[in-house]
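Number of protein chains: 2
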Amino acid sequence: MQQINYNPIGIINTPFNSQEDMPIQGIGGKGIKATIEIYPEFTAGLKDLDGFSHIILLYHLHLVKNHALIVKPFMDDKQHGIFATRSPVRPNPIGMTVVRLTEIRDNLLIVEDIDIIDQTPLLDIKPCLPMIDDIQGLRLGWLTGKIDQFTDKRSDNRFSAFQGTSKE
Amino acid sequence: MQQINYNPIGIINTPFNSQEDMPIQGIGGKGIKATIEIYPEFTAGLKDLDGFSHIILLYHLHLVKNHALIVKPFMDDKQHGIFATRSPVRPNPIGMTVVRLTEIRDNLLIVEDIDIIDQTPLLDIKPCLPMIDDIQGLRLGWLTGKIDQFTDKRSDNRFSAFQGTSKE
Numbered sequence: 003m004q005q006i007n008y009n010p011i012g013i014i015n016t017p018f019n020s021q022e023d024m025p026i027q028g029i030g031g032k033g034i035k036a037t038i039e040i041y042p043e044f045t046a047g048l049k050d051l052d053g054f055s056h057i058i059l060l061y062h063l064h065l066v067k068n069h070a071l072i073v074k075p076f077m078d079d080k081q082h083g084i085f086a087t088r089s090p091v092r093p094n095p096i097g098m099t100v101v102r103l104t105e106i107r108d109n110l111l112i113v114e115d116i117d118i119i120d121q122t123p124l125l126d127i128k129p130c131l132p133m134i135d136d137i138q139g140l141r142l143g144w145l146t147g148k149i150d151q152f153t154d155k156r157s158d159n160r161f162s163a164f165q166g167t168s169k170e
Numbered sequence: 003m004q005q006i007n008y009n010p011i012g013i014i015n016t017p018f019n020s021q022e023d024m025p026i027q028g029i030g031g032k033g034i035k036a037t038i039e040i041y042p043e044f045t046a047g048l049k050d051l052d053g054f055s056h057i058i059l060l061y062h063l064h065l066v067k068n069h070a071l072i073v074k075p076f077m078d079d080k081q082h083g084i085f086a087t088r089s090p091v092r093p094n095p096i097g098m099t100v101v102r103l104t105e106i107r108d109n110l111l112i113v114e115d116i117d118i119i120d121q122t123p124l125l126d127i128k129p130c131l132p133m134i135d136d137i138q139g140l141r142l143g144w145l146t147g148k149i150d151q152f153t154d155k156r157s158d159n160r161f162s163a164f165q166g167t168s169k170e
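These protein sequence lines map, in sequence, to chains X and F. Residues in the first sequence are numbered from 3 upward in steps of one, following the numbering used here. Residues in the second sequence are numbered from 3 upward in steps of one, following the numbering used here.
Don't read these hints as lab results, they were simulated from the structure. You may find that some hints are simply not true.
In this list, chains with the same sequence are indistinguishable; a pair is considered to hold if it fits within one copy or across any two.
BS3-like, lysine-lysine: derived pairs with alpha carbons at most 25 Å apart [what the hints assert, rightly or not]:
| no. | residue 1 | residue 2 |
| --- | --- | --- |
| 1 | K67 | K80 |
| 2 | K67 | K32 |
| 3 | K80 | K35 |
| 4 | K35 | K74 |
| 5 | K67 | K49 |
| 6 | K49 | K35 |
| 7 | K80 | K32 |
| 8 | K49 | K80 |
| 9 | K74 | K49 |
For clarity, every value in this text was computed on a predicted model and none was experimentally measured.
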C-alpha cells in the first residue's frame, strides 16, 4: 500500500495549550482568535484569499500517535465507528475546521472561531463554498438532536491515551 | 520541517478515467455513482456511518506530482493564489468532496454526487454536519457570481502539466 507524504505549509498558533476543555468544533470556539503563520515559500498562494469570509483549514492532528476504530465521542455516551465521528484518533489524523478569516498581513492569517490546539501543522487552506451547505435532506445518524452541544460542550481527556509515540 | 506520512484507508472507484470533462465539485456530479472500497483492516470504523445522509471524503489527488502557487482555475480566466481556489495542484494535494451516502455493504460504500477520478486513494471519511453550513455573511471573493458554474462546468486539461513524476 502506497505511503503518502505531506509537508506542513504553515503552523497554527492558538490559545489552546491542552487537549482538555477545548471547543469540539469551530462553532464552539466562536470569537476565539488564532494566528496562522504560512511559511514564506507558500505565501504567494494566498493571493485573493482575502476576498473570502470563511476558509476551510485542513491540518495534521500532531498529538495523535495511535488510532482507534471504535470510539466514544464527546457528543455521546455510546460507541461509534471512528468514521461516523469527528474524533481525533483517526487512522489518518487529518483535522478540518471552517474558520472566519478576518485579516491577512503578509504571511499571517488572523482567523476566528477556532477549535485547534496550539502549534498544529497546517496542511491546506480551501475557500469555503456554499455548495457544501446546499444539501437537501441531511440526515445526522447518531448525532440527531445532539448538534446544539457543539456550541458549548468541551473536550475532555478521553483521547489522551492515543498520544505519545506509539513506537516507545 | 517535519514530514507527515499517511496510508490510504481505501480506494475510490468512479466512472471518471480522465481528468478532462469531469465535474468540478460534487454538486456538478449530481447522481453520478461511485463505489468506495474500504480496506478490511479499517471496516470496523464504519459502524453507524449508515445513519448519515452525506459524508465528507478526504482523498489524495494522486495524479498531482507538482504544485503551483498561482493558478487559473476552471471557474475564471484570471489568476488566483492556489489557496483561494479548489484547484488540484496544491502543495499538499488533498481533495475534499461532500457526497451522498446511499448504501453500505460490508466494506463497500455506495455514494452519489462524485467529482473524483477513478482509483483515487481515500484518506479519511467524516460525517457531514450542518454547522459547517450555518455560516452568516459568507463572502466569496473572486467566486462571487460564478458559483452556479459548478453545476455544469467541466474540467479541461489545464492541470495536466502537473502530472507525471516530478523526479523523471
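Quick rundown of the hints versus the structure:
For the identical chains of this complex, K67 and K80 are intra-copy neighbours only, at 23 Å inside a copy versus 42 Å across copies, given an alpha-carbon limit of 25 Å. With identical chains, the CA atoms of K67 and K32 are never at most 25 Å apart, being 28 Å at best within one copy and 37 Å at best between copies. In this assembly of identical chains, the alpha carbons of K80 and K35 never lie at most 25 Å apart, being 32 Å within a copy and 32 Å across copies at closest. When the C-alpha separation of K35 and K74 is checked against a cutoff of 25 Å, the pair qualifies neither within a copy, at 29 Å, nor between copies, at 31 Å.
Taking identical chains as interchangeable, the C-alpha atoms of K67 and K49 lie at most 25 Å apart only when they sit on different chains, with a minimum of 22 Å there against 34 Å within one chain. For the identical chains of this complex, K49 and K35 are intra-copy neighbours only, at 22 Å inside a copy versus 35 Å across copies, given an alpha-carbon limit of 25 Å. Proximity of K80 and K32 under a CA criterion of 25 Å is satisfied in neither setting, with 27 Å inside one chain copy and 34 Å between copies. In this homomeric assembly, K49 and K80 come within 25 Å of each other (Cα to Cα) only across copies, at 12 Å, whereas the closest approach inside a single copy is 45 Å.
In this assembly of identical chains, the alpha carbons of K74 and K49 lie at most 25 Å apart only when taken from different copies (12 Å versus 41 Å within one copy).
When each numbered hint is compared with the structure, violations occur for hints 2, 3, 4, 7.
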